[in-house]
Amino acid sequence: MDRPNGFKFVGTRPDRPDGMDKVTGRAKFGADATAPGMLHAAIVRSPHAHAKILKIDSTKAEAMKEVKAVVTRADFAEGLTGENWNILENVMAGDKALYDGHAVAAVAATTPLAARDAAKLIAVEYEVLPHVTDVDKAMAEGAPVIREGAADKSVPDGLHANVVRYHESGHGDVEAGFAEADLVVEESFKTEATHQGYIEPHACLGQLGSDGKGELWCCTQGHFIVQKTCAALIGIEASQLRVTASEIGGGFGGKTTVFIEPVALALSRKANRPVKLVMSRSEVFRATGPTSSTSMDVKIGMTRDGTITAGEGVFRLQGGAFPGAPADLTAMCAFAPYALKNVKQTGYDVMSNRPKQAAYRAPGSPMAAFAVESVIDELCKKLDLDPVEVRLKNASKEGTKSSFGPRFDRIGLVETLEAAKAHPHYSAPLEPGQGRGLSCGFWFNHGGETSVSLSLSEDGTVALSVGTPDIGGSRASMCLMVAEELGIPYENVRTTIADTATLGYNDVSHGSRVTYASGLAAIKAARDVVNKLCARAANKWGIDKEAVIWEDGCAKPAGPNAGDFEPLPLARIARTMGRTGGPISGHFEATPEGAGMSFATHIVDAEVDGETGQTKVTRYTVVQDAGKAIHPSYVEGQFQGGAAQGIGWALNEEYIYGEDGRLQNAVFLDYRIPVASDLPMIDTVIVEVPNPGHPYGVRGVGETSICPPLAAIANAVSDAAGVRLTELPMSPPRILDALERQAHG
Amino acid sequence: MQYHTPGSFEDAIAIASFAEGVTRFLAGGTDVLVQLRADIVTPDNLIDVKHIDGVTKIEREDSGWRIGIAVSGAEMSEHPDLHNEWPGIVEAMDLVGSTQIQGRATLTGNLCNGSPAADSVPAMIAAGVSVSVAGPNGTRKVAVEDIPVAPGRTSLEKGELISAVHIPARGSDGADAYLRFIPRTEMDIAVVGCGVNLRRDGKTITEARVSLGAVAPTALLVEEAAEAIIGTALDDAALETLAAAASAACNPIDDKRGTIKFRKHVAGVLARRTAKIAYERAGASI
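One line per chain: the protein sequences are A and B, in this order. Be aware that the first sequence starts at 1, since it is given in the numbering used here, and climbs by one per residue. Be aware that the second sequence starts at 1, since it is given in the numbering used here, and climbs by one per residue.
Some hints could be false.
[Claimed, not checked] Have a look at the derived ranges for each label pair, beta carbon to beta carbon:
no. : chain 1 : residue 1 : chain 2 : residue 2 : range
1   : B       : LYS57     : A       : PRO432    : 56 to 62 Å
2   : B       : SER77     : A       : ASN272    : 51 to 57 Å
3   : A       : LYS65     : B       : ASP255    : 41 to 47 Å
[What the hints assert, rightly or not] Here are a few chain B residues that sit away from chain A, every Cβ distance over 10 Å (derived from the structure):
no. : residue
4   : SER17
5   : GLY21
6   : VAL55
7   : GLY159
8   : GLY171
9   : VAL191
10  : SER247
Hint data in this document are derived by calculation from the structure and do not stem from the laboratory. Glycine residues also receive a C-beta, built at the ideal position from the N, C-alpha and C atoms.
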């Protein structure tokens with residue numbers, strides 16, 4: 001911490017700079033991009049879960065006068081390997097369609113309707129193959145193989161070819177630990193895949209000439225990765241493709257890769273015209289990444305006084321038709337909140353005939369917490385122990401050897417538990433029929449490649465360019481941090497998301513990294529500017545640069561010995577900078593590695609209608625360590641957003657596949673995200689245990705908020721219903737079945 | 001696709017009678033336009049009925065009500081007297097969609113879309129609502145329960161369309177109610193729907209009609225359920241018989257929205273709850 005004492009701007013709640021554009025409709029989202037001569041594209045998708053593509057006949061489509069180009073896999077790069085091959089295979093199927101909704105061809109035409117009609121005229125001949133969509137079935141003997149040879153060396157012999165990655169970690173001796181326990185509880189859990197559910201479908205406008213030079217406008221969480229990936233997939237040089245990120249209507253991890261962007265570029269190259277491609281909601285559900293579905297076994301031993309003696313978990317994640325389900329992260333997060341002598345976790349990454357999973361807010365962690373925290377809740381109930389006290393007793397703290405290996409730096413789990421315990425919610429009486437649940441959650445947080453640039457205008461305002469799309473109010477946070485460093489009003493700073501040609505490389509807006517990493521870089525760039533401003537003042541005053549300090553937005557002599565000069569405000573220095581040494585700007589590039597790990601504790605009250613199985617969440621409190629809340633309203637917004645998405649995941653959201661392997665509910669009517677009236681007001685408590693890796697102590701907050709909800713809600717529902725719910729979503733029929741099983745012993 | 005805007009029912013009938021291919025009538029469009037955009041139905045002829053005289057009026061008729069075929073849900077909800085007399089019908093219609101949808105969606109459209117889960121249909125059946133069906137051979141009156149024949153299909157013949165909805169006179173000591181089960185609190189589609197309309201004499205129920213939606217290919221008028229409560233003061237035994245009759249009448253499917261077992265069970269639960277509301281609205285207490 002550079003600033004142990006008060007902040008002037010940090011911690012205040014000014015209006016977000018992008019707010020006016022968004023409420024007036026002036027903001028440009030992905031589908032708002034247009035270009036002269038633009039064509040519209042449509043994608044042909046497989047109706048089969050698993051099928052060999054025998055023939056694609058586009059003769060009829062190409063005969064339409066409105067049609068200007070048709071592309072198939074042959075129009076993309078060859079010879080790719082590793083994840084680029086996987087992404088290309090997902091963007092446009094090769095020999096096989098691997099899931100319902102897999103793209104097999106695309107067409108560009110002069111109008112959207114003509115493109116749709118043309119797509120219907122492209123005849124694809126399939127040989128339908130056996131399919132599998134359930135994780136347990138996909139790794140069982142006899143399951144259809146999605147792709148032979150997809151497994152890496154981590155997978156032990158004897159497992160099904162659909163198991164493509166294997167993870168094992170932990171320490172101590174779990175069997176010895178279980179032997180020390182007074183009670184051991186072992187339970188199996190399942191969770192269904194859920195979609196990030198961002199309100200803005202993927203959209204882009206691509207333009208690529210035969211000279212290999214191109215432009216792309218798209219809605220994404222990371223335009224630099226889009227640039228790199230698209231260049232590889234269509235076989236051009238990265239720097240020849242300039243990518244600009246639009247405003248983004250939600251991403252939650254799902255917009256950290258490419259789906260339609262390379263297709264628009266390939267069509268554009270063939271048609272020699274700009275091509276716009278906008279997904280429908282049904283395409284978003286069928287063909288973009290939901291999270292993994294899981295099957296998990298967790299076993300925990302506890303003594304009568306609440307000490308956990310051992311924890312063991314097996315986590316099987318289905319990640320669609322490609323390797324990449326975050327089974328390792330699930331395993332590593334599972335027991336992270338607890339200081340355990342004996343712990344062992346195993347993860348299986350399993351392929352199935354579903355869309356390629358994509359990151360969704362703390363990928364893998366919410367499911368792990370659901371399983372582990374449910375078992376801890378059961379142990380507390382059976383041993384008649386207070387759930388907060390038990391968690392406090394076992395909580396990880398600074399110096400604890402984590403369940404996944406390294407020792408924790410300064411972390412704030414204990415502080416969130418203490419705050420939860422002290423919160424009126426925790427001791428409030430429950431109405432009849434209600435239950436209360438509690439859960440902790442953990443996420444690593446991430447640093448990542450970061451470049452920013454800060455330039456002064458002659459009028460004393462400043463422009464900050466960052467390369468991380470603003471997915472949660474980060475422009476407001478950046479402006480606050482720069483205002484803090486420079487000592488100028490928040491309104492005098494404008495933050496822009498710069499395109500790929502304007503800044504150095506930036507990692508995606510993921511891993512809750514933006515306020516941490518871009519924020520750290522913005523602070524350092526501002527300090528770079530301050531150095532230059534001080535040098536100009538020193539020069540003017542004819543004193544040493546070291547004798548000038550920056551305070552309250554002005555250069556001042558460091559003390560009486562430095563001389564007696566009037567403070568020079570930023571605006572005064574800026575006004576004459578052209579004559580005093582040239583334009584002033586600051587920049588910073590790094591891959592910061594001090595993203596502070598983050599913990600949260602959630603308290604939930606729920607009411608279950610015993611006759612219909614319907615659940616109502618009646619009260620919800622999020623307590624989370626933010627390190628330092630730069631803009632508290634957006635920190636609270638992240639807390640609430642994670643809880644809201646968690647409520648959907650826990651109660652009603654799910655991917656429903658038919659016997660035919662087709663997705664049954666690819667619309668918001670039947671994919672049931674919560675509506676506003678489904679949610680209680682979500683109360684928030686910001687705990688601030690400063691992260692030593694950030695100048696102001698910031699920890700990312702975007703992801704940890706979705707780690708505890710599944711478990712906290714399941715614990716509340718189980719408490720209210722009087723029966724343990726082990727499968728998500730806890731939909732009304734599932735709750736009624738559990739009540740019935742309970743009634744019949 | 002041909003888009004037509006007839007100014008009279010005669011013109012609408014003439015266009016529909018001679019139309020070739022797939023014909024759809026367009027009132028609010030909240031089903032037709034969605035189906036069009038989702039490639040479920042691409043009509044060859046789209047006949048917009050909103051320009052016909054009188055279709056947006058709610059009028060008194062024989063002490064009951066005549067509802068024009070383009071009257072929106074919002075207009076029904078905001079009508080000063082309709083809700084007092086028939087809260088079940090009005091609330092059922094009000095459950096359809098969002099505020100925006102309510103500005104467009106109509107009772108007639110909800111009926112003619114033929115969805116077994118249409119919210120207003122069980123409420124209308126329970127209330128004894130009928131419709132005028134106009135066609136090349138004149139106009140006939142048909143009970144609402146006789147309009148849907150299968151999911152997405154109605155008994156209307158080529159060239160026919162509904163020209164008005166007739167809600168009977170409320171009369172004294174009677175009331176209706178409608179409840180549906182959805183996993184969320186709004187913006188969803190009924191997994192089970194139940195309409196109950198009854199009249200009492202003192203504490204005793206003298207007339208009743210019970211209708212269930214989303215539990216069979218079409219909304220059901222369940223006479224056994226009505227008989228279970230007629231002649232009773234809606235005591236626990238009557239409620240149990242009602243629930244059992246409602247569950248027994250169900251012929252649902254397993255689908256993404258609910259299982260057979262769940263739908264049967266919840267039909268009984270809703271029948272009980274809906275009957276209680278109607279009974280209390282009719283001025284009785286249990």
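Quick rundown of the hints versus the structure:
no. : hint                           : result
1   : B:LYS57 x A:PRO432: 56 to 62 Å : violated, 49 Å
2   : B:SER77 x A:ASN272: 51 to 57 Å : holds, 55 Å
3   : A:LYS65 x B:ASP255: 41 to 47 Å : holds, 42 Å
4   : SER17                          : holds, 29 Å
5   : GLY21                          : holds, 17 Å
6   : VAL55                          : holds, 28 Å
7   : GLY159                         : holds, 30 Å
8   : GLY171                         : holds, 32 Å
9   : VAL191                         : violated, 8 Å
10  : SER247                         : holds, 12 Å
In summary, the structure is inconsistent with hints 1 and 9 from the numbered list given earlier, while agreeing with the others.
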